[in-house]
Amino acid sequence: MKKTIFLFPLVFLAIFFLPISHLKALDTSLKIYDDADILTEEEENALRDEVQNYIDIYDMDMVLVTTKTNPQDTYNYAADFYDENGFGIHEHKDGVLFLIDRTQGYNDVYMLTTGEAIRVYDDARIDSIIDDVAEVKTKGYYQMFHAFITSSFYYASLGVAPSNAHTHLTADGSLAYDREFPWFRFLLFSSIIATIIVAILVAKNKMVKKAFDANGYLEKGSVNFTRKQDQFLHTHTSSIYIGSSSSSSSGGRVGGSTTHSSHSGTSHGGGGRRL
Amino acid sequence: MADGTLDYKCPNCDATLKFNPHGQNWVCEYCRSSFTREELDAIDIKKKEVLTKETEADSLEKDEEGMDIYMCPNCGAQIVADENTSATFCVYCRSTAILKNKLVGKFNPSYVIPFHKTKEDAMEAFKKIGKGRPFMPKEFSSKKNINDIKGVYIPFWLYDFSIQGSITADANRISTWTSGNYQYTKTDTYRVYRDGNMVFHKIPTDGSTRFNDEMMNSIEPFDYSGLETFTHSYLSGFLAEKYDVDGPVAQKVAEERARNTATSTLRESVHGYNTVSIMNANHTINLLKQDYVLLPVWMLNIKYKDKMYLFAMNGQTGKMIGDIPIDKKKVVFWWIGIVLLSFLIFSLIWWIGGLA
Chain A
43 MKKTIFLFPL VFLAIFFLPI SHLKALDTSL KIYDDADILT EEEENALRDE VQNYIDIYDM
103 DMVLVTTKTN PQDTYNYAAD FYDENGFGIH EHKDGVLFLI DRTQGYNDVY MLTTGEAIRV
163 YDDARIDSII DDVAEVKTKG YYQMFHAFIT SSFYYASLGV APSNAHTHLT ADGSLAYDRE
223 FPWFRFLLFS SIIATIIVAI LVAKNKMVKK AFDANGYLEK GSVNFTRKQD QFLHTHTSSI
283 YIGSSSSSSS GGRVGGSTTH SSHSGTSHGG GGRRL
Chain B
54 MADGTLDYKC PNCDATLKFN PHGQNWVCEY CRSSFTREEL DAIDIKKKEV LTKETEADSL
114 EKDEEGMDIY MCPNCGAQIV ADENTSATFC VYCRSTAILK NKLVGKFNPS YVIPFHKTKE
174 DAMEAFKKIG KGRPFMPKEF SSKKNINDIK GVYIPFWLYD FSIQGSITAD ANRISTWTSG
234 NYQYTKTDTY RVYRDGNMVF HKIPTDGSTR FNDEMMNSIE PFDYSGLETF THSYLSGFLA
294 EKYDVDGPVA QKVAEERARN TATSTLRESV HGYNTVSIMN ANHTINLLKQ DYVLLPVWML
354 NIKYKDKMYL FAMNGQTGKM IGDIPIDKKK VVFWWIGIVL LSFLIFSLIW WIGGLA
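Protein chains in written order, with my numbering: chain A, 43 to 317; chain B, 54 to 409.
Same shape as in the complex, but just chain B:
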């Protein structure tokens, strides 16, 4: 009951500490002191006591729409957040507010990959998104179109599986030869069996329905060597979500991906045939490990010609994804241009003497 918002105070001046992705440390914007994870952990126990006191008076309410209302520990204003938000900002004083009760018990992530890319990195990356994409409307990647940008720790389930896979395929070996006035085609048909075991590590599944699964697929992969044991301090300065897709549901999605890879892995060991068609694939999946983690993603809302476009950047690797609108005029110009150019090249070659 005593849970409420939580932020990290500078041990020196009591201002809000923010996580700094480039230095992978925590900095105080007021007194410019910085702290490592170890330093923060050392003072954490003391901090927790203070927080409990400070937040004791916070009343947790629910309004009619199921939104939770918190009191900002910094300025006392009310913070409204829905049930899946676990870190947010106070709209009045812009201080970080971690809704601590959201990430306890089964919602407590085991690991987190901290942000390595800053908001500026994300904006720079968006500016360069038109590189190698000539059909992007000219002004689309302008920074002024970035309507909203936020760093979000998105809940992911990571699955380790071992698979006992088995495929059965019909394969044909075809040989042709000519004898006299006849051409002969010989088809030898084989039934091919391939059984094998394999292990998958940390197949990620987006645990939040609020984020588009395909977008989350597209910012993969994350470098899991960057996984850190979770502490709330990483959330400071960012938004965070808690999962609303249960483990067993997410597991099915990861299993499907593993199954497809198992089939193709076994299929790749079938050599020496002209055609191979898989008749049956039967895989037994054992769940080795399930982890609940938070992964860093920059979400960008782009407004271009009164339409909204959603972009996402992997907060660790900087991979930026999103569907860019197509400038149809450019497509037409390019098409005509390429036709003319290649016609010219053909004509030139013909004129020189090639191409009958």
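Pulled out of the complex, with its shape left as it was, chain A reads as follows:
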């Protein structure tokens, strides 16, 4: 308790500098950063216990953030907050961050997933978690965070989302499909190759063939052209619609999770909306 009070001014200072300094020194053990000041200290403490419980059980980080001074969109704010303060556990910075952004005067919520959490929370699960949060939006912020934690608990207990069953995290923490041994394709190609080779070898046993041409008996220098005329007849132009060339984006959808690359280059999943 004493420790938290001691750290409070520091947190406050950090949140104050948030848009400019991107939070250089932040106590990452706090897990709850109420910049928008919409939670009471008791509520924070209660939530912190739940968060710690989640971290202990699922071995993934959980961060709850509020703000009312966000100059950018919710995704980038959430991603920068997570990346630049060094949240996340293990190699791939596993963890989730839930942001309530009050900058616009609305509750713009965003759930950010990183590392293994990308695989656990696919787009559908994130949507469903935010639905749970939305359901209790009239009951206050504590209830909203509580709903987020409860719902996150539930899906984490189900493990990796079925839609991401055949994916894995690459060295840089982005989501990729598992390399599954394409035995059927290999077998098909092998059969085609074998059939072609065997057909060629079978044909070698047939040597008796009718001659259709007299190419070997044409006197080479005797060919003398008396007319070479190419007469233009007509032209025809057709067009087909091929659609607009799609713009490239720094993310993509692998398995059931849509991911983006943040400013720091880390890959994140996530989703959010205005409640």
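A hint or two may mislead.
[Said to hold, decoys possible] As a list, the in silico EDC-like pairs of lysine to aspartate or glutamate whose alpha-carbon atoms are at most 20 Å apart:
id : chain 1 : residue 1 : chain 2 : residue 2
1  : A       : K248      : B       : E267
2  : B       : K184      : B       : E173
3  : A       : K270      : B       : D248
4  : B       : K159      : B       : E177
5  : B       : K342      : A       : E222
6  : B       : K203      : B       : D376
7  : B       : K342      : B       : E281
8  : A       : K262      : B       : D213
9  : A       : K252      : B       : E309
10 : A       : K262      : B       : D174
11 : A       : K270      : B       : D223
12 : B       : K181      : B       : D344
13 : B       : K372      : B       : E82
14 : A       : K251      : B       : E281
15 : A       : K262      : B       : D248
16 : B       : K342      : A       : E261
17 : B       : K203      : B       : D266
Just so you know, the hints here were simulated from the structure itself, not pulled from any lab data. Every value quoted in this text rests on a predicted model; they were computed, and no experiment measured them.
Position chain B against the provided structure of chain A, taking the given hints into account.
Only chain B this time, still in chain A's reference frame:
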């Protein structure tokens, strides 16, 4: 009427002379003397006189099946030959018998390519026929399967043509480009005319119905620089046929081949188009020359598992042809083997990290 069988007697010992393909000369198997063409020609006049006397008594008969019966000048036995055989052997004394009356007048060939390959060469070539053909049954090319082998001078017609060819084709030049959200395809159509003259030399057509035309096609080509003026002496030791396909019939076959080559030659000069389809080909063919020649072919009758297979070897170049039976078991083994091997290779590459 005085015509009958004819063979070449050794001027030294009066035994039968045989043509030797490797030395391109005539050898006597008894006294081991050998003669060149020039030497034989020099004594030919004298020989002919003797032959006329010798064969005068031979009576030419026809039996009920239209077979001709000759008397062997060597042992006096009767030789039966059908009307198209012009050189054969006496079944009793194995001496060469040239049925001279068969190759006179319009049946007298102008040229002959003598045999360059011997019977042994043909048997060796057959033994090696399985090389590069893994589906041949293991025992097929064994020499013991050679049921019968004979060297035959087969009558061929050779045609020289000049062709005034003309083709008309519709050709398309296609270009594609992308502009905005559309892909454009522009097709320019041209009518293409190509006229040209060309000359063909010595297109061969098998003049004997007894030999499969496709087999005779397949032993082509012969090297025509080996054509010699015909004399009966070349036939000594071999079988010979006379033509039973008349010139005009054979000419049609050769013309068809020349036509196809004329069309493709003219077609090859059409460049720069994506598609070319020939609408019309019109060729005027002039016959420059027609030659009746005898070309050397080794015919092999192969008996394998109670089935007969016919093989032929170009008696000049040694090209051996024939349809080899397929060992289905080998085909299946090979197929499975290749599937497994390439599957293994794919897997290995995949395992190393290639192939998504």
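Structure-based check of each hint:
no., hint, in the structure
1, K248(A) with E267(B), "12 Å, holds"
2, K184(B) with E173(B), "18 Å, holds"
3, K270(A) with D248(B), "7 Å, holds"
4, K159(B) with E177(B), "37 Å, violated"
5, K342(B) with E222(A), "71 Å, violated"
6, K203(B) with D376(B), "18 Å, holds"
7, K342(B) with E281(B), "17 Å, holds"
8, K262(A) with D213(B), "14 Å, holds"
9, K252(A) with E309(B), "12 Å, holds"
10, K262(A) with D174(B), "33 Å, violated"
11, K270(A) with D223(B), "14 Å, holds"
12, K181(B) with D344(B), "34 Å, violated"
13, K372(B) with E82(B), "28 Å, violated"
14, K251(A) with E281(B), "28 Å, violated"
15, K262(A) with D248(B), "17 Å, holds"
16, K342(B) with E261(A), "14 Å, holds"
17, K203(B) with D266(B), "18 Å, holds"
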